[in-house]
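The residues making up each chain are set out below.
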Amino acid sequence: MNRFLRSITTATALCLLTLNGQVQAAEVKAAVAANFTAAAKEITTEFERQSGHSVSLSFASTGKLYTQIVNGAPFDIFLSADSSRPQLLVEKGDAVPDSLFTYAVGQLVLWSADPALIDSEGRALKEKKLERLAIANPKTAPYGAAAIEALEALGVWSDYESTTVRGDSIAQTYQMAYTGAVPAALVARAQIALDSSGSSWLIPAELYSPIRQQAVLLAKGADNEAAKALIAYLKSDQARTIIERYGYGLE
Amino acid sequence: MTEAILLTLKLAGLTTLILLLVGTPLAWWLARNRTWWKEIINALVALPLVLPPTVLGFYLLLVMSPQSALGGFLKQTFGITLPFTFEGLVVGSVIYSLPFVVQPIRNAFEAIGSAPMEVAATLRASPLDRFLTVALPLARPGFLSGAVLGFAHTVGEFGVVLMIGGNLPGETKVLSIAIYDHVESLEWSQAHILSGGMLAGSFLLIFAMMLIEKRWGRLHR
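As they're listed, the protein sequences go chains X and B.
Taken in order, the first sequence gives residues 27 to 277; the numbers are from our numbering.
Taken in order, the second sequence gives residues 58 to 278; the numbers are from our numbering.
Derived by calculation from the structure, the hints in this document are not laboratory data.
Check the hints yourself; a few may be wrong.
[Claimed, not checked] No more than 30 Å apart at the CA atoms, straight line, and that leaves these computed lysine-lysine pairs for DSSO-like:
1) B/Lys132 <-> X/Lys154
2) B/Lys230 <-> X/Lys154
3) X/Lys155 <-> B/Lys132
4) X/Lys155 <-> B/Lys230
5) B/Lys67 <-> X/Lys165
6) X/Lys165 <-> B/Lys230
7) B/Lys230 <-> X/Lys152
8) B/Lys132 <-> X/Lys152
[Unchecked claim] Looking from chain X toward chain B, a few residues come up when the C-beta cut is under 8 Å (computed):
9) Val191
10) Arg192
11) Thr205
12) Ala207
These numbers come from a predicted model, not from an experiment.
Glycine included, each C-beta is placed from N, C-alpha and C at the ideal position.
Starting from the given sequences, assemble the full structure and let the hints guide the process.
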């Protein structure tokens, strides 16, 4: 029993020591739209190495993160997949107005795990040959809203509407096609940028309104040095190179 | 909104029905059999009680996908794809709610003991006859709680549906997903209507079950 108590005391002391260590380094809590997951991880790893700050990333669809922020979630910065929700946060006083900027311009792509399904013209989609299609939930994910816009512009939405499954975020949407559960999905180009498996068709940009992904410093992080530094780093050439490599456009 | 409610009732009703059909023989076997490996089956049946729904959802997704052996076989031979369809949800719900139906029925069968069955046997009742006219009526309270719990648990299912459902209106968009969707889109008035309805409905269901159990208890005494 005595030894048991002693080991508990040691463990508690160790926990307190590590906690103490974390408090001293500035920490940023970032809410990141799911499509930017891979790029954000790479950027923050680089940022942490150079600045010594630490970053904790939370990924979900833009709409979900927005709801969480409005309801008091402790995030310092928000990397949205659209421009309207950051703007709404500024109007509500939940974000710092002059911090708003476009960090990436998203592109929509039709992707299938089957290497032979999608050709360079996207015929399978236009000729309604896809049994099922996955898009992100248009209510909460800007890529889902863009997907419906593009399908409407192609004149095939009415054919696909009843067989289109909706992913909880663009990440789940990709997963649905990745597992082969759904033959093809409309996802963010960034999700497949570093992966040459399967087949894809880049949806022509004129078929949907531009996905201007904006970042904003939130009111909770207004005085957080690390948060400000991360926003500044996102504008650096180094970060922009990474963002471009993931298939995003820049403004 | 009514679409989601009707779909949920359809899913829960169908799941409960299948579970009663599959669960009764299983519960009977678990209550009566004496083999050593019975406890392994018992543990497997109870597994969904402790497993995170995400674990179940993940493996269901892998197993049901047309690229897996089973999913591919179903698609090739019957033309059925399970993920993101209503049929897939039924399969998932049956597994997810299995212990909630099997365990109360099993307990009820065990509570009967062997005496009534042996008495029936001395009166020349065949095994099937004994099961249908002695065991089933005596285990009635177990069937009631099994059915109610299985139904309610399926209505309340969320994690599994989120992973294998695909939020397809009229096919896989059940109540819990509809509520989640409304909350995440800040449509709180709709979320209130559905959530309030669920709260009242669940209470009434449990309350009614308790009243019936009480009445049956009095009848037996």
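Each hint tested on the structure:
1. B/Lys132 <-> X/Lys154: holds (20 Å)
2. B/Lys230 <-> X/Lys154: holds (24 Å)
3. X/Lys155 <-> B/Lys132: Holds, at roughly 17 Å.
4. X/Lys155 <-> B/Lys230: Holds, at about 24 Å.
5. B/Lys67 <-> X/Lys165: The hint holds at about 26 Å.
6. X/Lys165 <-> B/Lys230: Holds, at roughly 14 Å.
7. B/Lys230 <-> X/Lys152: holds (27 Å)
8. B/Lys132 <-> X/Lys152: holds (24 Å)
9. Val191: holds (3 Å)
10. Arg192: holds (4 Å)
11. Thr205: This hint holds: X/Thr205 lies near chain B, its Cβ roughly 5 Å from the closest one there, short of 8 Å.
12. Ala207: Hint holds; X/Ala207 Cβ to chain B Cβ min 4 Å, cut 8 Å.
In summary, this structure violates none of the numbered hints.
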